[in-house]
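*Asks:* Same order as they appear, the protein sequences are chains A and B. Going by UniProt numbering, the first sequence opens with residue 1, and the numbers climb by one from there. Going by UniProt numbering, the second sequence opens with residue 1, and the numbers climb by one from there.
Read the hints as simulated data drawn from the structure, not as lab findings. Some clues are possibly wrong.
Derived lysine to aspartate or glutamate pairs resembling EDC-like cross-links, with alpha carbons at most 16 Å apart [what the hints assert, rightly or not]:
| # | chain 1 | residue 1 | chain 2 | residue 2 |
| --- | --- | --- | --- | --- |
| 1 | A | LYS163 | A | GLU204 |
| 2 | A | LYS238 | B | GLU69 |
| 3 | A | LYS54 | A | GLU66 |
| 4 | A | LYS163 | A | ASP184 |
| 5 | A | LYS238 | B | ASP157 |
| 6 | B | LYS121 | B | ASP157 |
| 7 | B | LYS228 | B | GLU101 |
| 8 | A | LYS111 | A | ASP143 |
| 9 | A | LYS102 | B | GLU90 |
| 10 | A | LYS53 | A | ASP190 |
| 11 | A | LYS54 | A | ASP184 |
| 12 | A | LYS243 | A | GLU189 |
| 13 | A | LYS238 | A | ASP143 |
| 14 | A | LYS229 | A | GLU106 |
| 15 | A | LYS95 | B | GLU101 |
| 16 | A | LYS180 | A | GLU204 |
| 17 | A | LYS102 | B | GLU101 |
| 18 | A | LYS238 | A | GLU248 |
| 19 | A | LYS229 | B | GLU69 |
| 20 | A | LYS210 | A | GLU106 |
| 21 | A | LYS210 | A | GLU224 |
| 22 | A | LYS53 | A | GLU246 |
| 23 | A | LYS229 | B | GLU76 |
| 24 | A | LYS229 | B | ASP157 |
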Amino acid sequence: MATADGGAYSYSLTVFSPSGKLVQIEHALAAVSQGTTSLGIKASNGIVIATEKKSSSILIDDSMIEKVAVVCPNIGIVYSGMGPDFRVLIARARKSAQAYWKIYGEYPPTKVLTQEIATVMQKATQSGGVRPFGVSLLVAGWDTNRGPSLYQVDPSGSFWAWKASAIGKNMVNAKTFLEKRYNDDISLEDAIHTALLTLKEGFEGQMTEKTIEIGVVTVPTLEELEAGKIGGETGRPKPTFRKLSEEEVRDYLAL
Amino acid sequence: MSQQSAFSSPGFDFSNSVRNNFLQEKGMPLPKATSTGTTIVGCLFKDGIILGADTRATEGEIIADKNCEKIHYITESIRCCGAGTAADTEFTTATISSNMELHSLSTGRKPRVVTVMTMLKQYLFQYQGHIGAALVLGGVDSTGPHLFTIHPHGSTDKLPYVTMGSGSLAAMAVFESSWKPNMERSDALALVSAAVSAGIFNDLGSGSNVDACIITATQTEMLRNFVKPNERVEKERHYTFRRGTTAWKSENIRDLIVNEDITLVGATGDAMDTS
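Extracted from the complex, chain A is given alone in its bound form (with noise of 0.2 Å):
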């Protein structure tokens, strides 16, 4: 009953196998690895999350694809995995983050956020008749608690920080390569340089502004931070998590 791949104990989500593992986890960690590689590198100014955007087929309309999305305008987030799993997520992490800003005014810190994903996700591996996320997530974001914090949620729901991280099929080479090259004072700039150079590592076929999304957290400034909100007492204050335009990511590609 035992073998390798769990056997009989790899069906059900909702049974542990003799040896303390829940197989379908396993398994959905195995989905994760089939994706497309993601990175996240935190920067001492801020941080830079990045992914290929592959298509199966070159007829495939890529700019409908949106692999690096923002949840509320302090947070963005990648996968590597199933990417309707990630839609629903993303669905999820921003009404999270409205019902957040609705009670405090504010909106939530990374952690609070990423935990309240990471609950979700753990829903789904205790209970009846659903299955476990198919995605690893890579949430970047800034507040004024933490600062810059970067943190990687699995589909069994665990999460935990990282100064720098990969996610997807060549998470193994791409996070040596980071160990590498990575150091306490890395800057924003050297960070997406980084970033673009473990993503060619491994990279099949071109690598084009068209082929890759690029997200970044900048760190307000003592004054964007004084100025207060757009808008007056009940506005949003400014955004500190954005997507590299297809100009920025080409620029940056040609250095």
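Put chain B on the given structure of chain A with help from the hints.
*Replies:* Relative to the frame of chain A, chain B by itself:
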């Protein structure tokens, strides 16, 4: 099965209305909700929309807030002035602002004024006028500048210049005599200012300062307390008492702190453990 809790059932709970009517008949009136008696206006000009509002909030006959903010944020280039019950206008605009952000993220497009209007009117109609929010909604989107009024029961009007609130007649009189299409920014701002001032000086429910908000395709400028025609003047005489006005016979000074012992608490000494 247990009864549905009050926190999850939809709509308003009218179970206290029989009791309240009885109490009112016996001579104990309902407490007054804070209202924004108000003069709120909006007008279309050459480059976009200008919204204006006074800053007085009343609670019956008393002024609850002399400088409240009635121009609410919906999105970056859409704002909404609110008259009526203050809580209703605040929460309604905040809810729709939040929903608009979700909508805009989901569609990937910049928000439109008509979308806000539709959300607001459907919300207010659902509550059959019990939510006392009379709104002036204005903004500029990809289709151009738009100005709407929304009444508490959910009806809307699309017009080039609008006024709402108890001071709306005074303000509308100013608009009707001076509004022209394609006004310059300075003329339009002066007109809005005059309209709100008419409300401030001729309506008891409106007062204090004028707030204005200019929305164009390129930027939104919030002019908080643009005009302050009701600032408190400095008193002509000094009413302080000279030292020695009250005679005293003896003096006794006692230190409140008798003995002070400082003991540090906590494993990490002074700093808070934030790890």
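*Asks:* For A:LYS53 and A:ASP190, compute the direct alpha-carbon distance and say whether it is at most 16 Å.
*Replies:* Violated. A:LYS53 to A:ASP190 sits at ~22 Å, over the 16 Å cutoff.
*Asks:* Given the hint that A:LYS54 pairs with A:ASP184, test it: the Cα-Cα distance must not exceed 16 Å.
*Replies:* violated, 31 Å
*Asks:* Has the given pair, A:LYS238 with B:ASP157, been kept, meaning a C-alpha gap of at most 16 Å?
*Replies:* violated, 32 Å
*Asks:* Taken at face value, is the distance from the CA of B:GLU69 to the CA of A:LYS229 at most 16 Å?
*Replies:* With Cα atoms ~14 Å apart, A:LYS229 and B:GLU69 stay inside 16 Å; holds.
*Asks:* For the pair we were handed, A:LYS111 and A:ASP143, check the Cα-Cα distance against 16 Å.
*Replies:* The given pair, whose Cα atoms are some 9 Å apart, holds under the 16 Å limit.
*Asks:* With a cut-off of 16 Å on the C-alpha distance, tell me whether A:LYS102 and B:GLU101 pass.
*Replies:* holds, 12 Å
*Asks:* Has the given pair, A:LYS95 with B:GLU101, been kept, meaning a C-alpha gap of at most 16 Å?
*Replies:* holds, 10 Å
*Asks:* Given the hinted pair A:LYS238 and A:ASP143, is their alpha-carbon gap at most 16 Å?
*Replies:* holds, 12 Å
*Asks:* Checking one constraint from the list: CA of A:LYS229 to CA of B:ASP157, max 16 Å. Satisfied?
*Replies:* Given that 16 Å is the threshold and the Cα spacing comes to 30 Å, the pair is violated.
*Asks:* Are the Cα positions of A:LYS238 and B:GLU69 separated by 16 Å at most?
*Replies:* It is violated: about 21 Å lies between the C-alpha atoms, which goes past 16 Å.
*Asks:* Compare the distance between the alpha carbons of B:LYS121 and B:ASP157 with 16 Å, and conclude whether the hinted pair is satisfied.
*Replies:* Given that 16 Å is the threshold and the Cα spacing comes to 11 Å, the pair holds.
*Asks:* Going straight from one Cα to the other, do A:LYS53 and A:GLU246 come out at no more than 16 Å?
*Replies:* holds, 13 Å
Hints 1, 2, 5, 7, 10, 11, 16, 18, 20, 21, 24, counting from the list given before, are not met by this structure.
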